[in-house]
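Spelled out from the first residue to the last, the chains are:
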Amino acid sequence: DAGVIQSPRHEVTEMGQEVTLRCKPISGHNSLFWYRQTMMRGLELLIYFNNNVPIDDSGMPEDRFSAKMPNASFSTLKIQPSEPRDSAVYFCASIDSTGGTYNEQFFGPGTRLTVL
Amino acid sequence: GESVGLHLPTLSVQEGDNSIINCAYSNSASDYFIWYKQESGKGPQFIIDIRSNMDKRQGQRVTVLLNKTVKHLSLQIAATQPGDSAVYFCAENDRGGSYIPTFGRGTSLIVHP
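Residue numbers (my numbering), protein chains in the order written: chain A, 1 to 116; chain B, 117 to 229.
Next comes chain A alone, as it looks inside the complex:
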């Protein structure tokens, strides 16, 4: 398995532009997480999907952020309009939670976003 795939790996954009980050979880994993990592706040959970349904989006900073999971193999995180304070590394992670037991998350390589 190729692991969790994220694209793009790097994104540089100007303030006010729309940004879309993409994630392909590991095949068979039924839960997907979006995280943001900065030096100031560390690793923050933004939103969590289970079986393609958003379960907890309390970490989404504001209405400028939205996430979708149209099917089990694809998710997007959109920022519109983007602001310089959104600059961070965004990670997607997936997990197989079907067995009812805890398992570790598998993280993608991240997307480094820079908003000028």
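Since the hints were made in silico from the structure, they are not lab data. Positions of the beta carbon are idealized from the N, C-alpha and C atoms, including for glycine. Check before you lean on any hint, since a few could be wrong.
To be verified - Using 20 angstroms as the maximum straight-line C-alpha spacing, the simulated SDA-like pairs for lysine to any residue come out as follows: (1) A/Lys68 / A/Gly28; (2) A/Lys78 / A/Pro8; (3) B/Lys172 / A/Glu104; (4) B/Lys153 / A/Val89; (5) B/Lys158 / A/Glu44; (6) B/Lys153 / B/Asn169; (7) A/Lys24 / B/Ile216.
Claimed, not checked - Reference listing, derived: stretches of chain A covered by chain B, where coverage requires no fewer than 3 residues with Cβ under 8 angstroms from a Cβ of chain B: (8) 21–29; (9) 39–51.
Following the hints, position chain B against chain A.
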């Protein structure tokens, strides 16, 4: 203005020494704990986990110790190598059935050759 970065705890060791990285967790209901390693430019990577019915678990060159009384977790790395240089995170899950782990701030391990 200039932003101030988060100052991670740092552990510096010599190659070949043993390393011990500590983590204090806050939720007494947590019953599953994981250590992750994050190398520069990469996502966190699973190292080892432990459930609350255990107090010690060993892997290859790594050992995790769990002290539920004082809510403390540690990661021991034997014969530390330069490739072990990374940021190490502990994460905890509670019994609520949520698969959402709570991550600690991380510790930076620097291994000097």
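Comparing the hints with the structure gives:
{"no.": "1", "hint": "A/Lys68 / A/Gly28", "result": "holds (18 angstroms)"}
{"no.": "2", "hint": "A/Lys78 / A/Pro8", "result": "holds (13 angstroms)"}
{"no.": "3", "hint": "B/Lys172 / A/Glu104", "result": "holds (18 angstroms)"}
{"no.": "4", "hint": "B/Lys153 / A/Val89", "result": "holds (16 angstroms)"}
{"no.": "5", "hint": "B/Lys158 / A/Glu44", "result": "holds (16 angstroms)"}
{"no.": "6", "hint": "B/Lys153 / B/Asn169", "result": "violated (24 angstroms)"}
{"no.": "7", "hint": "A/Lys24 / B/Ile216", "result": "holds (19 angstroms)"}
{"no.": "8", "hint": "21–29", "result": "violated (count 0)"}
{"no.": "9", "hint": "39–51", "result": "holds (count 8)"}
In this structure, the earlier hints numbered 6 and 8 are contradicted, and the remaining ones agree with it.
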